[in-house]
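Enquirer: Turn these sequences into a full structure, and let the hints guide you.
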Amino acid sequence: MTQPRESLLEVRGLRVEFEGRAAVDDVSFDIAPGEVLGLVGESGSGKSTLARALLRLVPAARGTVSFRGTDLLRCTGKALRRRRRDLQIVFQDPLASLDPRMSVGEILAEPLEIFEPALGAREQGARIAEMLERVGLAPQVAGRYPHEFSGGQCQRIGIARAMMPSPQLLLCDEPVSSLDVSIQGQIVNLLSDLQRDLGTAMLFISHNLAVVRHLSDRVMVMYAGRIVETAGVSELFAAPVHAYTRALLAAVPDLSTALCPPGEPLVYSYER
Amino acid sequence: MSALPATAASTAAAGPPPILRVEALDVRYALDGAVIAAVRAVSLQVAAGECLGIVGESGSGKSQMVLAWLGLLARNARIEGSVRFEEQELLGLPAAALNRIRGSKLSMVFQDPMSSLTPHVRIGVQLGEVLVHHAGATWSDAQRAALHMLERVRVPDARRRLREYPHELSGGMRQRVMIGMSLMCGPKLVIADEPTSALDVTVQAQILALLREVRAQSGLSVVLISHDLGVVASLAERIAVMYAGRVVESAPTLELLRAPRHPYTSLLIQCAPSLHGARLDRMPSVQGLPPNPLEPEIGCAFAPRCPRVSERCREERPPLMRIDGVAQVACHHPLAP
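So the sequence lines, in the order shown, correspond to chains X and C. Just so you know, we're using this note's numbering here: the first sequence kicks off at 1 and counts up by one. Just so you know, we're using this note's numbering here: the second sequence kicks off at 273 and counts up by one.
To be clear, the hints were calculated from the coordinates, so they are not data collected in a lab. Hints are supplied without guarantee of correctness; some may be wrong.
What the hints assert, rightly or not - Not the full set, but computed from the structure, chain X residues with beta-carbon under 10 Å of chain C: (1) Leu179; (2) Val188; (3) Val211; (4) Leu248; (5) Leu249; (6) Ala251; (7) Val252; (8) Asp254.
By construction, the Cβ of each residue, glycine as well, lies at the ideal position given by its N, Cα and C atoms.
Expert: In structure tokens:
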């Protein structure tokens with residue numbers, strides 16, 4: 001397992017408040033270099049707020065977020081900007097997260113202009129073409145605009161944008177939830193290729209347990225702002241400990257259970 | 273409109289007449305000289321007491337199809353074919369006549385319970401007005417019925433909830449209210465379009481259990497639409513799979529899951545996420561993209577993505593054919609059972 005290795009990210013006692021109420025409460029976890037950590041939980045449990053707090057898109061009320069020894073929550077100015085290239089994010093809605101007035105080439109060039117301003121035009125073009133190919137798009141699409149692409153293709157562009165500055169940690173916030181089932185697998189496979197080829201660590205947020213199971217090394221379960229369970233992927237799915245995790249696993253409609261002889265499936269009710 | 277191709281004809285050979293009979297339904301939109309075909313020649317039936325599941329990806333035409341049944345499509349939609357509910361033709365029916373059917377004998381549950389409830393009207397009034405409007409009930413009777421209904425759909429603390437507004441309820445509670453509202457007049461058929469897609473899985477399981485319970489009590493027919501095969505399989509006795517505006521396969525649920533005949537159905541089943549079995553090296557997916565609805569349909573719409581494709585598939589569209597018993601498939605090279 002990954003425990004003895006040095007952590008890439010160390011989160012300790014993180015708390016995020018909205019009007020005095022905790023959306024993320026006393027959250028602590030580590031991510032090792034190259035590790036994929038899954039994060040599951042229902043809507044409103046604080047998954048996205050947690051990701052946004054790591055990126056300083058929402059302010060944290062308390063806690064530390066240490067990235068390779070630097071506390072991201074106390075970074076300012078240049079030091080913060082330098083760190084931003086190491087943490088990138090892929091959002092749920094692939095079209096809404098791309099600027100409709102920018103061509104794909106411009107979208108992918110922007111991170112390079114910010115983080116590698118010394119790069120020449122020719123080199124920039126080569127890096128963009130290389131990234132487009134890596135995410136399964138033809139380099140020729142650089143001149144086209146987001147609305148010309150399907151949801152799955154837009155998500156490939158969103159992933160390419162996030163990967164342009166070669167981040168060490170990719171935060172994926174429900175990256176396949178708005179895609180059709182037949183397309184989801186394509187994007188999940190792309191993310192696992194990137195992880196394998198480039199060694200990028202990931203925090204993979206999803207309410208889709210099957211996708212999380214497929215991609216993650218370890219899984220955290222979040223409920224009402226707190227992490228209620230963390231375990232290796234096989235342990236979590238084979239022997240969930242927390243009542244909420246068990247309810248969550250039991251609630252997923254599964255074709256293999258549908259194939260069982262008819263009978264009333266178990267329904268768990270776990271109210272807050 | 274009784275003459276229809278034998279291939280797309282009735283699934284149930286004998287027995288009571290179906291509660292809903294759709295024949296050769298087309299929905300098209302004209303757009304800057306081009307034509308978008310959203311639904312193409314769909315024929316299907318729902319038997320009394322049956323739950324028919326309709327599965328398809330976004331853009332497959334499933335929502336457009338049911339909105340057409342109910343006369344809820346945008347004005348620029350061109351609709352052809354026949355939709356008979358209890359032997360009465362719905363297409364072309366004047367709004368007043370349609371309004372007597374909609375919400376009473378034929379009701380609908382939509383995906384987003386927040387936007388389908390009126391935000392500034394109390395829950396009790398929204399439930400009650402269904403009876404006042406359709407059944408001519410008095411308001412005090414309607415309030416009593418609303419309370420009973422909230423209890424029936426297992427909304428806790430029902431008496432208090434009657435006086436609340438939609439925003440005071442959770443998503444799952446709102447969907448219970450929507451289901452309750454659809455049942456106020458004792459409908460014969462409820463159409464549920466992605467009723468659980470906006471809900472968390474734990475809440476989804478509760479809503480599916482409620483729908484199951486309601487069916488067991490009242491014997492009503494249900495058309496359940498979802499992109500999630502697992503959701504549909506947990507409730508429906510029969511499933512119709514739609515792709516690019518057409519029904520490509522229709523079969524009893526267990527048969528369809530155990531031995532899908534259309535390659536698309538088979539791939540959909542493989543792609544359906546599972547928490548069981550070994551972790552696969554690659555996540556199953558279907559290569560390519562669905563066809564552009566603006567482009568003319570030549571041959572089988574699934575051909576560019578199909579692992580069993582032949583030259584014939586690219587040139588000649590396979591009709592929906594009856595195969596062994598009640599199953600139907602539209603494929604030149606169906607999988608062996």
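Enquirer: State for each hint whether it applies.
Expert: Hint-by-hint comparison with the structure:
Because the closest C-beta pair between Leu179(X) and chain C is about 9 Å apart, less than 10 Å, the hint holds. A hinted interface residue such as Val188(X) counts as satisfied when its beta carbon comes closer than 10 Å to some beta carbon of chain C; here the least separation is about 4 Å, so the hint holds. For Val211(X), the shortest C-beta to C-beta distance to chain C is roughly 6 Å, which falls under 10 Å, so the interface hint holds. With 10 Å as the threshold, the beta carbon of Leu248(X) comes within range of chain C, its nearest partner Cβ sitting at about 6 Å, so the hint holds.
The interface hint given for Leu249(X) holds, since its Cβ lies 6 Å from the closest Cβ of chain C, which is under the 10 Å cut-off. The beta carbon of Ala251(X) comes within 4 Å of a beta carbon in chain C, closer than 10 Å, and the hint placing it at the interface holds. Because the smallest distance between the Cβ of Val252(X) and any Cβ of chain C comes to about 6 Å, under 10 Å, the interface hint for this residue holds. The closest approach between the C-beta of Asp254(X) and any C-beta of chain C is roughly 6 Å, which is under the 10 Å cut-off, so the hint is satisfied.
In terms of the numbered hints stated before, the structure departs from none.
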